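Visitor: Given these sequences and hints, build the entire structure.
Those protein sequences? They're chains B and W, same order as listed.
With our numbering, letter number 289 in the first sequence gets 289, and the count goes up by one each step, no holes.
With our numbering, letter number 104 in the second sequence gets 104, and the count goes up by one each step, no holes.
Hints may contain errors.
To be verified - Residues of chain B clear of chain W, computed beta-carbon distances all greater than 10 Å: (1) Ile45; (2) Ile82; (3) Ile104; (4) Ala302.
Said to hold, decoys possible - If you only want the chain B side, here are some residues facing chain W, beta carbon under 7 Å, derived: (5) Gly395; (6) Phe410; (7) Asn437.
Keep in mind the hints are simulated off the structure, nothing from the lab.
Since the model is a prediction, treat every value here as computed from it, not as a measurement.
No residue lacks a Cβ here, since even glycine has one placed at the ideal position from N, Cα and C.
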Amino acid sequence: MEQELASTLSYPILSTVIFLPVAVAALMLFINRANTGAIKWTALIASLATFVLSLPLFTSFDKSTYKMQFSEFHEWIPAFNINYAIGVDGISVLFVLLSTLITITCVLVSWNAIKEKTKEFYISILLIEGAMIGVFCSLDFFLFYIFWEAMLIPMFLLIGVWGGPNRIYASIKFFLYTLVGSVLMLVGIIVLYLYAGKTFDILTLSSLNYPLKMQLWLFWAFFAAFAVKVPMFPVHTWLPDAHTEAPTAGSVILAAILIKMGAYGFLRFSLPMFPDAAVAMTPAMMTLSVIAIIYGAVVCFAQTDLKRLIAYSSVSHMGFVTLGIFAMNVQGLEGGILQMINHGVITGALFLAVGIIYEQTHSRQISDYGGAATVVPVYAAFFMVLTLAAIGLPGLNGFVGEFLIILGGFAAKKWAGVLAATGVIIGAGYMLWLYQNIFFQELNPKIAELKDLNGREFLTLIPLIVLIFWIGVYPNAFLSFMHVSVQHLIDRVGMGTQPEAVASLLSFIR
Amino acid sequence: MELYTLIPVLPLAAFWINILFGRHYIKDNAHWISVPAVVASWVIALITLSDVLGGKVFNQDIYQWIVSDGFKVSVGFLVDPLTAVMLIVVTTVSSLVHIYSVGYMHKDPGYYRFFAYLSLFTFSMLMLVMANNFLQMYFGWEAVGLCSYFLIGFWYQKKSASDAAKKAFIVNRFGDFGFGLGVILIFLTLGTLHYAPVFGSIGSVAGQTLNILGTEVDLITLIALLLFCGAVGKSAQIPLHVWLPDAMEGPTPVSALIHAATMVTAGVFMVARCAPIFSLSPTTMAVVAVVGGVTAIFAGTIALVQNDIKRIIAYSTVSQLGYMFLACGVGAFGAGIFHLYTHAFFKALLFLGAGSVMHAMSGEVNIQKMGGLKKYMPWTYWTFLLASLSIAGIPGFAGFFSKDEILWQAYAAGPLGKFVWVLGAITALLTAFYSFRIIYLAFHGKFRGTEEQKHHLHESPKSMTLPLVLLAVGAVAAGWVGIPPLLGGTIGIEHSDKFGAFLAPVVGHPHASVHTHAEEWAVMGLSVLLAISGILAARYCYLKNPELPVKIGEKFKFAYRVLWNKYYVDELYDCIIVKPTFWVARNIIVGITDGKIIEGVVNGVPAAIGRFSESFRKIQTGFTHHYAMVMAFGLLAIAIAVFFF
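Guide: If you want it as structure tokens, here you go:
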């Protein structure tokens, strides 16, 4: 285990943030279901405690090494060489923090919105939190797969039980879509396990060289799982349905964390394990990314449903992320990782904001709004910041990520950078169109009685607003986490294992 | 930390205080926060100017903004002669507009918000002109666009205002698309975005080419053209001029500050700042000159027939910006900036004068419904007249010196220069005509509005007339710093006035070919002649023979309709961009690719599996005799197979 550094903290920080929410969820079984106050407060305190306990990841992280940090290792099922191995590096650490932060906002925003089966709801939220963090920390494929699938079940329930009118269709679609992808990945994991002499150790598997043909097959097997999650064009159609039908907290978790796992998968597995295949597939991946950027943006103009529009905009924004990743240069990768955080913050906050207003109006139809800036000025101001961050205004976080990605994309393939930049124009078009129809123009009588943000709602949004400014004005506070790990990843991909074979394959594709 | 860093910081602080505490606490006292902040910036700007005149140049990084491997960009400030000029223009006009707004926006429910946005704008514009690298300029560039969006849509309840705001932002994004790619290309070419190393080493890549879709394109030309795309958007040149006239939906002080004096001139500033890049590409220079010249005459013709006082001035702005680009395009960057500087005074004055008129007329903007206002609002009239004389190019006024400089430099710059000079000279005639059309229709003759309006006519309060008078001083005298050598303004450097000599270290000298003094006198004489003819023609048409314009309009109905409808450019864009986008989104993506194809597969596969198993399930009936019969047939089949094969 020379690639890992043990935690220097007095407590096993990663296990704590993974299992604290799970343990609290288990304890909540014993709270009387009628006592919703106790349930909500328990969930809130648990999520706050998890967040506070995760903060040392930000302050004590060693930015000078690419090695896994805060690592823990225990034997689990020795017969199959399965271990409990966790740790974070510069690529994953920020996602753990984002997960713990987002969970708090999810609890807060659901405070009054969830009136039925409250207990089960908050248990689901906490279980999702544990599983999400587990996915980002796992260093053992078996463990990873368990967290990966475990996350699906409470998410499926969240949509299916607390969702909108069409929730059954949406939840089953979500489940089947992701399951089909995951199963192919499972096959891939088993193939790797057998090839490498029965090990699930991710770091070991990431340092081996596989035959090109095997790499290609495995790349596509993993691609199936990750592309669905991202979601990349053309496997994106579960997202609008899932987002639209999910309760607010569900949409927020989906947008902020869950769909990041696909992109994370590319970074953690596809690139370091199958470098030659990844390089060979770059043209295809960049093409799909650019299609997603433009396609996802244009389709927003046809939306009449607020949540659906934001969902489609996620397709476009995640297209930027995958473009950055497959540009395979420092700016592209760092921009891509930062944009994953940015998108989590911005779109998470957008769904929170929509949920807050939905609680009062019970309508997601854009045409049911208009002139809201007059009645809810503070809310309008917050939404404006989110809109501007989403369209990449310099000084806010979205710009830094998008700019680095377009720069990286342009450096890799000029056409990709140019086409991605058009997404910035279209993005301004639909977001400002949306903002105008909700907040500007004459006041729609239907929303004349709207109340502005209350204290709880204000507290829900403000941490994300602060992050938007922070990352926008001083992105180095976050980019500095990635430098060494990204460089390590590029070295791994750049070395390749069979450059001649890749070259001939690439010339064949062209 | 140098004193000059306070120049942008003070307005930023005013913005935050007003936006955070304005609604509940500051309310109608918002100007007590913003005005002192901006005036203080102005004072520091004056100090900075005197430092720069003394030969100092500041270039300092504040902190590292974005670092990603070799990509390193700071937030930092560069103060050189070009920046110093812009600092004076921005802080002066901004201070006066802030003061004017105290009266103009009095009792508006969004008073605090207005001052917050004005201050944010001032901060953004200062960041733009003080940047020492391209990415920070891009930040300021987008931020001024955002403030423009906020302020055009200030009265957001009006659909037209919110439409105009959105349009301004999106049209500008088209230009910024090019600008952004230009910035990226600069980084990939030179490995830095900071001005000093970029301008220092851009010469080393002269002659390099880039393969685009199979054709080799000159690298520097490509960079310059991409940057120019941004300038075309921000400075409302053809084909991205469509947003500026609509931007008049914003309160008038906004039009004066943002859409006349400062933000829209950012494009000219950027081209001048990048003079070391543009000068290396004759192709781009020609494009800049022609776009500028054509825009000048194009917008000038539209202004001839419009009736909305603010829109006429807006088209006039587009036209004058065209002049500035024309100058840059022929290599006379200094002349372009000179015109930017004089234009800031007389154009801000025209807008604020128009605002004063609208204030008196309860918001009326149609000059056909005005008339005779001279009597009721003398301060407004006289200052408006001075501004009009200045823009028309009457000798002695600020506009004369800068316009003459541009026309002369164009004339002296070879065949292409001669061509754009012709465009510029015709535009000079148009400018004088439409400017005095406003004077005669609005201020002379009889009042043509309603009785109620007439009853309310009054001169504007002091807070509004004071800025008018101060700007009028600028509209008259601002040009005296750039008196051409021909008229005795030389300071010993041949072919250069004081202003040009001050800027020369940044933007260089124009490469004029040798011409005689007689030619220079002739060019100057002709433009003065054209200006006076324009004024007299307006007087003849609108004061002496008011029925004449109507007759002309009827006789040339087609031309009149085309001009009235602004050459139908808006309609064209609606047909080729706006409508197709919505159509594709609704009918192709939602209707076919997402709706039918992808969802067809996604829902179709499970449905097909369902149907398949449905039919297969029927075999399992549960009756023993059915199974027995199937078994018997099966055995028979096996037996036959074994026997015969």
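Visitor: Look at each hint and say if it fits the structure.
Guide: Comparing the hints with the structure gives:
1. Every beta carbon of chain W lies more than 10 Å from that of B/Ile45, the smallest distance being close to 30 Å; the non-interface claim holds.
2. The claim that B/Ile82 lies off the interface holds: its Cβ sits roughly 33 Å from the closest Cβ of chain W, which is beyond the 10 Å cut-off.
3. No Cβ of chain W comes within 10 Å of the Cβ of B/Ile104; the nearest lies about 24 Å off, and the non-interface call holds.
4. The Cβ of B/Ala302 sits about 4 Å from the closest Cβ of chain W, inside the 10 Å cut-off, so the non-interface label is violated.
5. The restraint placing B/Gly395 at the interface with chain W holds, with a minimum CB-CB distance near 6 Å, inside the 7 Å limit.
6. The interface hint given for B/Phe410 is met, as the beta carbon of that residue sits about 5 Å from the closest beta carbon of chain W, less than 7 Å.
7. A distance limit of 7 Å between C-beta atoms decides the matter here; for B/Asn437 the minimum to chain W is near 9 Å, and the interface restraint is violated.
Of the numbered hints stated above, those contradicted by the structure are hints 4, 7, listed in ascending order.
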